[in-house]
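Protein chains: 2
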Amino acid sequence: MALTMRALTESQLQALRERVGPQKVSRNESELWVHARDEGGHGEHPPDCIVYAESRDDVVQVLKFCHHERIPVVPWGAGTSLEANPVALYGGVCLDLSRMNRVVEIRPEDFQVTVEPGVVHYDLNKQLSRYGLFFPPDPGAPATIGGIVANNAAGIQAVKYGSVKHYVLQLEVVLAHGEVLRLGSRAMRSSSGYDLVHLFVGSEGTLGVFTEITLKLVGIPPEVSAATASFPRLEKATQAVVEIVQAGLSPAALELMDPVTVRDINAFKGLELPEMPTLFLEFRGNGPEVAEDVRLAQEICEGNGCVSYQSVLGREERDRLWEARHHAYYASAAANPGKRAIVTDVAVPISKFPEMVEFSRQKLEEFGLGGPILGHAGDGNFHVGIFYGDEEERAKAHQVNEAIVLKALELGGTATGEHGVGVGKIAFMEREHGAGYRWMHQIKKLFDPHGILNPGKIFPPE
Amino acid sequence: MALTMRALTESQLQALRERVGPQKVSRNESELWVHARDEGGHGEHPPDCIVYAESRDDVVQVLKFCHHERIPVVPWGAGTSLEANPVALYGGVCLDLSRMNRVVEIRPEDFQVTVEPGVVHYDLNKQLSRYGLFFPPDPGAPATIGGIVANNAAGIQAVKYGSVKHYVLQLEVVLAHGEVLRLGSRAMRSSSGYDLVHLFVGSEGTLGVFTEITLKLVGIPPEVSAATASFPRLEKATQAVVEIVQAGLSPAALELMDPVTVRDINAFKGLELPEMPTLFLEFRGNGPEVAEDVRLAQEICEGNGCVSYQSVLGREERDRLWEARHHAYYASAAANPGKRAIVTDVAVPISKFPEMVEFSRQKLEEFGLGGPILGHAGDGNFHVGIFYGDEEERAKAHQVNEAIVLKALELGGTATGEHGVGVGKIAFMEREHGAGYRWMHQIKKLFDPHGILNPGKIFPPE
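Top to bottom, those sequences are chains Y and Z.
Under this note's numbering, the first sequence has 1222 at position 96, and the numbering climbs by one with no breaks.
Under this note's numbering, the second sequence has 1366 at position 240, and the numbering climbs by one with no breaks.
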């Protein structure tokens, strides 16, 4: 039986209201439009209604009903994604989890916390700081933990701390037909059967809906040292990145910004960074090794012709720089009014990073398109914002995007380091995974035989 | 169609010989018995024949044929496991991968290596050391990389470096029907679809056979410092473990041995360690933070009444201690001649570690059974060797084992931290995973519809 591709009927809406309570179901026009798109450029698709879940039982009720009625259900966190990951392409129910935002239990003695999916990571870290603990993955945007886990987001600190998947110990998941699974354990290691936790991490709401998440935490390191380094040429900056990683230094952040990015954030945030290829570096640790790492990193930068290496002194200046970095995407959007962007998200082995960045720069130039190049260089992951206005530019932007992704795959990399597949990367899945992609699809069909969960994401519509 | 539960026919053997070459197929009696058991106590089950695969194509040929003929195929690495993980309970083909032991490619510039599954981790680390790199997981025994990945083994250094799953970037897997999948990428982060790599890590040969594995590596830290600490009472030692972890120290190893273990290894290796509850600690790092961590650890141990804290000076003494630790299992077996053992492998959140160890000690005492308690304390994972002689003791040993596992689950832990499920932990899977266990089974049936791959492991026989 195919999915309902039409609007929900009035009787279906009524049934939903009865199941979860009428105040949790909204068809308010402006709310529908708020939930019609994320921060990416994939257009607007309002759902037929929004259900604001307040408990696991609400999620179960919605899924049981929609499974039976073949209505799409698309989980929604904060809408800060870039690949339309939580957008209801085929209408149906937008299952907004932002009200499920309780920090259920902090267990500082085990460096663990259990949260509901709607908790925003900034808020979580604020609560954790009183225990001297934090959850390292930070995608920049005010994303929810549920969204971060669903996308296996990584962000700026993954180069030191690893991506989200290293931090997820347990998941409570509601399957398409409403069954509740409790996956994983609180032990720090386990070889107990198949790793279903990691199957669900990064599944982008296509296999189930998270209702509770237990995370591993890290102690806040007392020593922090940050710096900016400006280079005359992009390839010198990327070479410095490679050498810092290869030297075994373990920066908490190692971010690259090209001159376009620097110009955009200078304009957007009133900063005066030299408009040159720039690295943001941050080191965190418990003691004297931090100063030593900073010194070595400076040596490497200078060995690569760095013209300015500035230690960032004080928390305020550091916060301002990171805020600027986090807002780079908005800054570039502001610098390209009326334009939309395709944002690439390739990641390659670190030794291929300079080649990959240079290739991307040349492709932009070759097609006469503008846009920033920036990224989580220490992990070999970076983004190109390929801005376009008219139809002709749009076609070119797609060609540049395709060329960049195919190059990354050729270099042993991936189409998406942290944004997820959503709709934007579907075209490259077969190429990246070969037969593995078909097996992913088999697993999807096993867990969600009617295809109600986030249809049109990761896999093309049936 | 049910599995063949009888010996292979002569014509089936002949067909196998034709497919892979006759010299790779053995029915030599003594070889069959060498492959009849691992190092655990689950009895002897010789396969019908052994195929010594020398290439991916051999693996494909064996699986295609056995899938068609419904013959069990059980992958074999070094046979150092403890839960009968590679034992052919239902006969069929033992697929010995030890000849596929090439280090395919070392890429020091990316901290990566690609190996065949039969490489022994000691040999790999020997080859890597010339690049200043190593693969941290070390289960103690001379296991193969294929076996380590199949069991998601962890070993002594996981407390600092994480378990195997953090290190597997790519897998080449042959599925039951002979299809070859290439999973993962060489990028350090990816959000590209479902994480099939981690589905296969820890699947114990029940979903597919690895033919190539790409691992992430770590730079060898120049500073190493080790120590032993002896405590008057077991609960003081376990409390010190908790405090060391909670202080945010990051030992490369934090191992607990009870007096029985110390006595056994003293006897086995001619050592003279005080026969008291003992911690082995090791710290590794790049510089002065190592000495600082050692100092803090010593303070914590002394605060818990440690009567002797000995820095281990020099590589030779350290190697001798670790060798003794690695041989603890053999030492205890030697101290219990004619007896067999059930080895528990529970892991619990660190705050529950003292309670869990004390519970185990009391259970042994209550049932009048002997055996060592030792383990990877820093991860909350430990082993009790429950030795038994006659049938009455055997029944008691099973009761103790069951009590320990159920207690661990009650405390939020897992039945198996690193040994895998094999046959020995099947009884606890439903209890640990609830409905998740049935979904694991669904995935098994999806990938291996005839159930030829390692039947009777992780799941009960059909």
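Treat each hint with caution, since some may be false.
Heads up, the list lumps identical chains together, so a pair's fine if it works in one copy or across two of them.
Said to hold, decoys possible - Mimicking SDA-like on lysine to any residue, the simulated pairs with C-alpha atoms at most 20 Å apart in a straight line are: (1) Lys1342 x Glu1369; (2) Lys1342 x Gly1538; (3) Lys1533 x Gln1296; (4) Lys1342 x Gly1374; (5) Lys1342 x Gly1288; (6) Lys1342 x Ala1373; (7) Lys1571 x Ala1561; (8) Lys1522 x Ala1141; (9) Lys1342 x Gln1372; (10) Lys1342 x His1292; (11) Lys1252 x Gly1396; (12) Lys1395 x Ala1460; (13) Lys1342 x Ser1477; (14) Lys1522 x Arg1466.
Read the hints as simulated data drawn from the structure, not as lab findings.
Source: prediction; values computed, not measured.
Okay, the hints, checked on the actual structure:
1. Only between protomers do Lys1342 and Glu1369 lie at most 20 Å apart by alpha-carbon distance; the minimum there is 17 Å, versus 30 Å within a single protomer.
2. Taking CA atoms no more than 20 Å apart as the test, Lys1342 paired with Gly1538 passes between copies only; the shortest distance there is 14 Å, against 30 Å inside one copy.
3. Proximity of Lys1533 to Gln1296 under the C-alpha cut-off of 20 Å is restricted to the inter-copy arrangement: shortest distance 19 Å between copies versus 36 Å within a copy.
4. In this assembly of identical chains, the alpha carbons of Lys1342 and Gly1374 lie at most 20 Å apart only when taken from different copies (13 Å versus 24 Å within one copy).
5. In the homo-oligomer, the alpha carbons of Lys1342 and Gly1288 lie at most 20 Å apart both inside one protomer (12 Å) and across protomers (12 Å), since each shortest distance falls under that limit.
6. Proximity of Lys1342 and Ala1373 under a CA criterion of 20 Å is satisfied inter-copy only: 15 Å between copies versus 28 Å inside one chain copy.
7. Proximity of Lys1571 to Ala1561 under the C-alpha cut-off of 20 Å is found in both arrangements, the shortest distances being 16 Å within a copy and 18 Å between copies.
8. In the homo-oligomer, the alpha carbons of Lys1522 and Ala1141 never lie at most 20 Å apart, since the shortest distance is 47 Å inside one protomer and 56 Å across protomers.
9. Proximity of Lys1342 and Gln1372 under a CA criterion of 20 Å is satisfied inter-copy only: 13 Å between copies versus 27 Å inside one chain copy.
10. Within a single copy, Lys1342 and His1292 get their C-alpha atoms as close as 8 Å, and across copies as close as 14 Å, so both meet the 20 Å cut-off.
11. For the homomeric pair Lys1252 and Gly1396, neither the shortest alpha-carbon distance inside one copy (27 Å) nor that between copies (54 Å) is at most 20 Å.
12. Taking identical chains as interchangeable, the C-alpha atoms of Lys1395 and Ala1460 lie at most 20 Å apart only when both belong to the same chain, with a minimum of 11 Å there against 71 Å between chains.
13. For the homomeric pair Lys1342 and Ser1477, the shortest alpha-carbon distance between copies (14 Å) is at most 20 Å, but the shortest distance inside one copy (30 Å) is not.
14. Taking the closest pair of Cα atoms, Lys1522 and Arg1466 come within 20 Å of each other only inside a single copy of the chain (13 Å); across copies the shortest separation is 70 Å, beyond that limit.
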